[in-house]
Amino acid sequence: MYEIPRSWLILVLFGTIAIAAASTILASGRGLNSASILVIWLVTLVLVALAGFTAQDRAPDTTRETKPDQTSERTNELIAENNRIKKLFSEKTEFFSGTVAELRIPLTSIDGNIELLRDRHLGKITKEQKESLNDIDQEINHITRMIIDIVEFNNLVTKSTPLKKEDVLFNNIINEVTEYMQPTIDIKGIKLHTTISPDLPTIHGDQQRLTHAFSNIIGNAIKCTLENDIAITADAENGELLISIADSGTGVPEGVLDKVFDPFYKVNATSKGTGLGLPTAKKIIEMHGGRIWAERREDRKGSIFRFAIPIS
77 MYEIPRSWLI LVLFGTIAIA AASTILASGR GLNSASILVI WLVTLVLVAL AGFTAQDRAP
137 DTTRETKPDQ TSERTNELIA ENNRIKKLFS EKTEFFSGTV AELRIPLTSI DGNIELLRDR
197 HLGKITKEQK ESLNDIDQEI NHITRMIIDI VEFNNLVTKS TPLKKEDVLF NNIINEVTEY
257 MQPTIDIKGI KLHTTISPDL PTIHGDQQRL THAFSNIIGN AIKCTLENDI AITADAENGE
317 LLISIADSGT GVPEGVLDKV FDPFYKVNAT SKGTGLGLPT AKKIIEMHGG RIWAERREDR
377 KGSIFRFAIP IS
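Each residue of the sequence shown is one higher than the one before, counting from 77 in the working numbering.
Note that these hints are calculated values from the structure, not bench results.
It cannot be assumed that every hint is accurate.
What the hints assert, rightly or not - The list that follows gives simulated cross-link-like pairs (lysine-lysine, DSS-like), each with its CA atoms no further than 25 Å apart: (1) Lys-299 - Lys-335; (2) Lys-377 - Lys-235; (3) Lys-264 - Lys-299; (4) Lys-335 - Lys-377; (5) Lys-359 - Lys-342; (6) Lys-359 - Lys-299.
Treat the numbers as computed from the prediction; the structure is a model and nothing was measured.
Based on the sequences and whatever the hints tell you, model everything.
Set out below in structure tokens:
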């Protein structure tokens with residue numbers, strides 16, 4: 077039976093999201109202004125580049141045991157096809173990396189100019205104009221996070237960037253990420269409760285990637301929270317650093333607690349994002365010899381994401 081390539085399914089999924097975004101803008105009555113067109117164009121360009129990310133899914137597996145009656149000619153054909161697809165994948169990955177680098181430059185420029193306008197450094201603006209700038213800024217930040225997730229997941233899958241290990245104090249990561257996300261936390265009116273053990277030990281790891289992993293988990297909690305309450309705890313147990321993030325959303329259904337860490341999986345198909353945030357966090361934590369899992373809160377009013385990393 078013919079199997080639909082995974083890359084096609086991904087493009088259809090995210091293409092649908094892009095179309096839905098355009099429809100939402102049109103339905104709002106504001107029309108497609110230049111900023112809206114830019115947002116949709118950037119999303120579309122990232123999704124087209126993403127096609128190359130999954131090209132290797134179609135590569136034939138030449139490592140399987142061959143049947144006795146299989147000819148060497150057929151084997152050579154499979155090896156040649158496999159090499160061709162790997163080369164194609166490498167070329168598309170290179171194209172994708174270049175595209176991402178080019179995207180980041182205008183995104184940074186746009187974000188800086190939005191900040192200047194919003195803070196009235198370039199003149200007075202009305203309340204409606206400020207709200208519109210906030211909307212654009214949120215979309216730009218969303219696209220930036222998408223790009224970062226796709227790039228990091230691609231690096232983890234291809235193992236193109238090794239870990240840069242050093243002594244890491246995780247309380248510094250918690251403080252850095254929560255401070256960075258404070259504007260979003262304030263806008264949503266979220267109450268953030270943080271409990272960090274005063275004698276939290278250091279771990280040996282890649283601080284930048286651990287920050288990315290923690291940021292993805294917190295970002296997921298912020299997105300899912302309905303009752304505006306998130307609790308972060310950090311402690312050491314049984315030779316491991318244990319971090320817990322509890323949200324107050326609808327909660328992950330019992331049957332899919334493991335699936336939330338699968339690439340491109342979404343509990344809510346209409347939610348924003350690439351579906352790579354939690355899978356990326358999982359890969360980073362596992363590269364540090366750790367583990368991550370999700371639980372339902374006892375009061376059934378949300379989920380708890382926990383991860384443990386061995387202490388140095």
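Verification of the supplied hints:
Between Lys-299 and Lys-335 the CA atoms are separated by roughly 18 Å; this keeps the pair inside 25 Å, and the hint holds. For the suggested pair Lys-377 and Lys-235, the alpha carbons sit about 38 Å apart, so the restraint of at most 25 Å is broken. The suggested pairing of Lys-264 with Lys-299 holds, with an alpha-carbon distance near 9 Å, which does not exceed 25 Å. Distance hint between Lys-335 and Lys-377 is fulfilled; the C-alpha atoms sit about 20 Å from each other, no more than 25 Å.
Distance hint between Lys-359 and Lys-342 is fulfilled; the C-alpha atoms sit about 17 Å from each other, no more than 25 Å. The straight-line distance between the Cα atoms of Lys-359 and Lys-299 is roughly 21 Å, inside the 25 Å bound, and the hint therefore holds.
Violated hints amount to a single one, hint 2; each of the other numbered hints is respected by the structure.
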